[in-house]
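Participant: For the record, the sequence lines run as chains S and D.
Residue numbering for the first sequence follows our numbering, beginning at 1 and increasing consecutively.
Residue numbering for the second sequence follows our numbering, beginning at 1 and increasing consecutively.
The hints are simulated quantities; they were obtained by calculation from the structure and are not laboratory data.
Since this is a predicted model, take the numbers as computed values, not measurements.
All residues carry an ideal CB built from backbone N, CA and C; glycine is no exception.
Keep in mind that a hint or two might mislead.
Quick partial rundown of chain D residues pointing at chain S, CB under 7 Å, derived from the structure [to be verified]: (1) 118; (2) 177; (3) 179; (4) 182; (5) 183; (6) 186; (7) 187; (8) 188; (9) 192; (10) 201; (11) 248; (12) 249.
Computed, partial: chain S to chain D, Cβ under 7 Å [to be verified]: (13) 49; (14) 70; (15) 84; (16) 95.
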Amino acid sequence: MITLHQVTLGAGSFVLRDVSLEIPAGSHTVLMGRTGSGKTTLLEGICGLRPVQSGTIRIGSVDVTRLPPGQRGIGFVPQDGALFDSLTVRQQLSFALDLRAWSAERQATRVQTLAAWLGLSPLLDRYPQGLSGGERQRVALGRALSFQPTVLCLDEPLSALDDDTRLEVCAILKEIRDRTGITLLHITHNRFEADRLADRILFLRDGHIEHLTPNS
Amino acid sequence: MGFDGRDLPVIDPPTPLPPPFKLSADRWFFLALSLLSGTYVLLLLAMIGADFFYTTPGHLWRALGSPEIRYAIKLSLLSCSLTTLLSLWVAVPLGYLMSRRRFPGRALLDALLDIPIVLPPLVIGLSLLILFQTPPLRALERFFPVTYAIPSIILAQFMVACAFAVRTLRTTFDELNPRQEQVALTLGCNRSQAFWRVILPSARRGILSAATLAWARSLGEFGPILVFSGATRMKTEVLPTTVFLELSVGNLEAAVAVSLLMVGAAVGVLLLIRYCGRPDLTPPSPSLR
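Please put together the full structure from these sequences, using the hints given.
Facilitator: Below you can see the structure in the form of structure tokens.
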């Protein structure tokens, strides 16, 4: 479970005050809101990419408020995937494993498993420049899942994709949740996407969280 | 008709399109642009062509055979290469800090870093000369001579070349997606690991451009070297100094021959910069697929 208790954080002159919310473990929670409402700021705060001015963030029973991003056990997929320009797909998938000093065989096995699952096996030796939008997002998902995090944070991962690719990545997100039991926190503007994937929809309005019912 | 079904008064009726421009109007426009641009390009080519036609292979060969000029070539290559390494050593961290961090006095530092670019070269040399007259640096010079010695050449070149390298690298880091670095942090990197594993490899083309630019700037540096290092043959003589010295004794043939060597080096560097930015070396936009 992700628990935010009266969290205040800011981005430049914008400040999000006293946000409290709970995201149950294993749920797919979608966070919606108008442009500029602070969705990404909140997500960055949870990931540790933006300092929290006050309040606490817990993942399970661990207070992660002051932990660096890499120690929170959160996989992060930004809107454009933000793949590393200079690394092949294989290197992207093993990046976090290498940092954790996994053995070469263990890394190779994990990369093969992820690649087979996400349909990336023929692309392992390609660089990001040679990938389509959907392929890039699948690599970004694989990279975020590689170290088996407890939480996956997605910042509008489908917004730049065409309709067919969007459906394809939606199916992958559903499968990820079913197969791993990971907690997903997913920002989107698209209500169709939210209804299709979420079991909880949160709406950020004027710094307050409102709960919406999916498929309503 | 409004959204609620009521009729709305027409306040902004569509106007008919203006008659299309005649094709010839476009042609005249581009002809005028080409004429204006062509004047400068022609002057540039004529200038280099004049150097080529003034000299002969014999002049060039004789110049290359002169021990003074050979010394100047060697010293230029050595000092420019050392300056380039020093410039990158400073410009990579400085460019990265200026691009990524916000701190008090950043705007002031930004302006300060441009001073060597806008300052007259002679003033840079004079300022260095005065700096090395201060007691601490005079004391240093007793053990490690700088002024009017080879280190002064490298320092004079470095002061200008580094400013250009910082500018280039700052733009490079500005253009790199900061999300890559953030993702690296969530994957388990600390700032230093994210820099070495993700940012630096992604910036390699910018680093190569900064290096070639620093090298080329160093090769052409003359004003600060003349003031800070002097123009002593076989001691502090680099290629621009040779051109100056040969001109001052009326040996125009040797001066032009050495100039042509520098033109050749400059063209080589420009080709290298263009090669670094070649489309097949630059990641294509995903939207092109």
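Participant: State for each hint whether it applies.
Facilitator: Going down the list of hints, with the structure as the test:
no.: 1; hint: 118; verdict: 31 Å, violated
no.: 2; hint: 177; verdict: 6 Å, holds
no.: 3; hint: 179; verdict: 4 Å, holds
no.: 4; hint: 182; verdict: 5 Å, holds
no.: 5; hint: 183; verdict: 5 Å, holds
no.: 6; hint: 186; verdict: 4 Å, holds
no.: 7; hint: 187; verdict: 4 Å, holds
no.: 8; hint: 188; verdict: 4 Å, holds
no.: 9; hint: 192; verdict: 12 Å, violated
no.: 10; hint: 201; verdict: 4 Å, holds
no.: 11; hint: 248; verdict: 50 Å, violated
no.: 12; hint: 249; verdict: 52 Å, violated
no.: 13; hint: 49; verdict: 5 Å, holds
no.: 14; hint: 70; verdict: 4 Å, holds
no.: 15; hint: 84; verdict: 5 Å, holds
no.: 16; hint: 95; verdict: 6 Å, holds
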